[in-house]
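Trainee: Each chain, letter by letter, is given below.
2 protein chains.
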Amino acid sequence: MRIVPMALAASVLLASAMLSAAPPSAPDDTAWRTLEDLTTEVGPRLAGSDREAAARDWAVVRLKALGFSNPRIEPFTIRGYVRGAEAARLTAPFPQNLAVTALGYSAPTPAGGIEGELVYFPTLDALRAAPDGSLKGKIAFIDHAMKANQDGSGYGPFGNVRRVGPRIAAQKGAIAAVIRSAGTDMHRNPHTGGTGWGDVTPIPAGAVSLPDAEQVARIAAKGKPMRLALTLTGQTKDNLPSGNVLAELPGRDPKLPPILLACHLDSWDPGTGAIDDAAGCAIITAAALRAQAGGKPLRTIRVLWAGSEEIGVFGGADYGKVHAAEPHALAMESDFGADRVYGLRTSFAEVNKPLHARIVAALAPLGIVEQGGEVEGGADIGAIRKAQKLPVIDLMQDGTRYFDLHHTPDDTLDKVDPAQLEQNVAAWTAVLRIVANEAGPLNGAN
Amino acid sequence: MRIVPMALAASVLLASAMLSAAPPSAPDDTAWRTLEDLTTEVGPRLAGSDREAAARDWAVVRLKALGFSNPRIEPFTIRGYVRGAEAARLTAPFPQNLAVTALGYSAPTPAGGIEGELVYFPTLDALRAAPDGSLKGKIAFIDHAMKANQDGSGYGPFGNVRRVGPRIAAQKGAIAAVIRSAGTDMHRNPHTGGTGWGDVTPIPAGAVSLPDAEQVARIAAKGKPMRLALTLTGQTKDNLPSGNVLAELPGRDPKLPPILLACHLDSWDPGTGAIDDAAGCAIITAAALRAQAGGKPLRTIRVLWAGSEEIGVFGGADYGKVHAAEPHALAMESDFGADRVYGLRTSFAEVNKPLHARIVAALAPLGIVEQGGEVEGGADIGAIRKAQKLPVIDLMQDGTRYFDLHHTPDDTLDKVDPAQLEQNVAAWTAVLRIVANEAGPLNGAN
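Chains as they are written, first to last, in the numbering used here: chain A, 3 to 448; chain B, 3 to 448.
If you are wondering where the hints come from, they were derived from the structure by calculation, not from laboratory data.
Mixed in with the good hints there might be a few duds.
Each pair may be met inside one copy or between any two copies, as identical chains are not told apart.
Dumping the calculated DSSO-like pairs for lysine-lysine here, alpha-carbon to alpha-carbon at most 27 angstroms [claimed, not checked]:
| no. | residue 1 | residue 2 |
| --- | --- | --- |
| 1 | Lys323 | Lys149 |
| 2 | Lys388 | Lys239 |
| 3 | Lys224 | Lys391 |
| 4 | Lys224 | Lys66 |
| 5 | Lys226 | Lys66 |
| 6 | Lys388 | Lys174 |
| 7 | Lys149 | Lys355 |
| 8 | Lys174 | Lys138 |
| 9 | Lys140 | Lys391 |
| 10 | Lys66 | Lys239 |
| 11 | Lys224 | Lys239 |
| 12 | Lys257 | Lys355 |
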């Protein structure tokens, strides 16, 4: 029965949805197509790289083709990280290679690498307890016990091993630091990610995969001195080009402040950034379009495909600065993969409680349940939200698998479940149909 | 209640099992300990490498400590493969890196790599159909559709893409060949393995991971010319040192031919060879020991931890040659991971049908079912089996996960399920209790 080619059939579906004849939630393949094409035609798009620039150009063309108004690039520059050669070898007591990747803003080793005694710390606190100067000339290994949680809550405390572990090691005299990846999978694919130095002089800093970390822990338990040879030649560079991509679907009342939907366009470079965060861009874009079916909403919907989120939320900061004087109605962000939305939280002020209740009711048919806890918003909408006290809505995605893939070579298209991706689009569309048709006021509680 | 440390408790259990007071199937941790220590203290042990040599020394010490008689090395030399630098980058139409590994016996590229048009073949047959000379100056990409099967039956036909694909590409003028890994997982860990050239001049030959292969297929479908930059500097080397490790548990009647149990000690180098094949050595060794509980069996049990299986079954061939004149009773091999035994087949001659029936009955309590099809035996017992028409027994392991891990960096200890490993030991022990106590004759049907 499949006579019409898939892409054509889908575009007919999409066209019919946009021309309002279709029922409100007729699925289309805009999200999948956006995700597939961005990860295939651009691939990895490291902040500040020529591939991130290619992604911006790709995004402008794609958003225009999808019917968005005025797709445009807002450029800025960043301090970025340019990856180099990466290798780690345990040279004693049991010689073997470890799967390693550099952390963003790692200091470079010489091309030939460095070698030193490897000192095992089972936790970040154990490292903190090491006497000052005790790591002089040595390499610190920092282990931890991160496990998968639906809400991703392990990334806060255990992600700190990556965020501050190398700095603490440097403060105690270490010549390099290697951490157990902030991840939850058992594959030999280390998780990269940024680290921070404050006013401490950076040292080479890398992460090994979880099987490698377990191997190091087993070897450490045998009690013989360990030595590591480490090569991480990547470098921090200033003034690298980056930028945001913005576009709108104008509402019926152009005087009303827009709804801002954000994702990030850059990705870490080992994978193609399918779940982090091409999926987010695909979801918000497809939902913005699908929310047009049945008639243009009252408010303009703006999409922000932010640049250089990974290395330090540069895109969100630039957006907050450039658009500070421009009123916004509400902001939402999709940046937690492509698995299903299971929960929601909003930060509406008391006056908008009825609106909150309508959103909760609209999402219930998708199995989405109101959750407690503080509303997070998202990294790239953080600056504008704070400046304008915007209300935000968290559509909380199932993060059980997220840290299996996050910042690894395994973040590729095949990891996305089309049915769960579609559920995200349906959830976002349901929310947009409400908030983009609300004349206001829309007020944030904090 | 855990007052005795685990290792001590286990060694007490083991001692009691060996001293015959324990019930016949009392579990012990010999298999796990062997597996863990070999993969941790030696790690990767490529055929012909100094790490394979370290593994032989380790094996002699360990087998002696476990109570085996006369653990010894039988040396030989091999044509091996020494891994070098490995990188692949699609330079057009959408620049991005691919996760690649060299195949054993690949020709080296120059240090700076080679670059050429990449021609996509969806199947090995499509490559075969390409006109002679049509690949002159180009790089062949060979895709295929291997899927996971319980019995591993996909590895025959789809493994051929690796075994003969590069040679066919070379015959048609290709300057290099890259295949979709012969595997079933969706991780960015390519599967290595040997390839063969016959009298064709070798070309550089590599494998990319399955997500990368799908990416290449998607890009190929867009119809724009593809170009690949490929660096694989590893080299084939002659006269590399290797060897087998042998040891015995003598039977009550030293005049009866021994039962031969084989595994292989070498591993491909990206992982630590936990499932391929430290698990096999762990299983046969633990079962040989456990079969001693309750009294020494009639026949001697010999373990063969073969060298250099991966690159060309050199250990099995050497064993067949060195021990050609020495009678054997029966041979068995464990080389298909550590997941549970689900089936059995034997190649006993008609005269041994009652013995076959006893083995089937002894394995039924473990959920093991007699299977149809031809008995395989195993690579390392192949030469001696053929020379002496030995009966063999296949204890067929669940291979559903095997080709997710096979020949990849992901072949590490954490992938082994201790409960399934123990089920293997129990199955092997049950068989050994029968065959090692059978006075004979033991005759093979083929």
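Trainee: Of the numbered hints stated previously, which ones are contradicted by the structure, given in increasing order?
Mentor: 1, 2, 3, 6, 7, 9, 10 and 11
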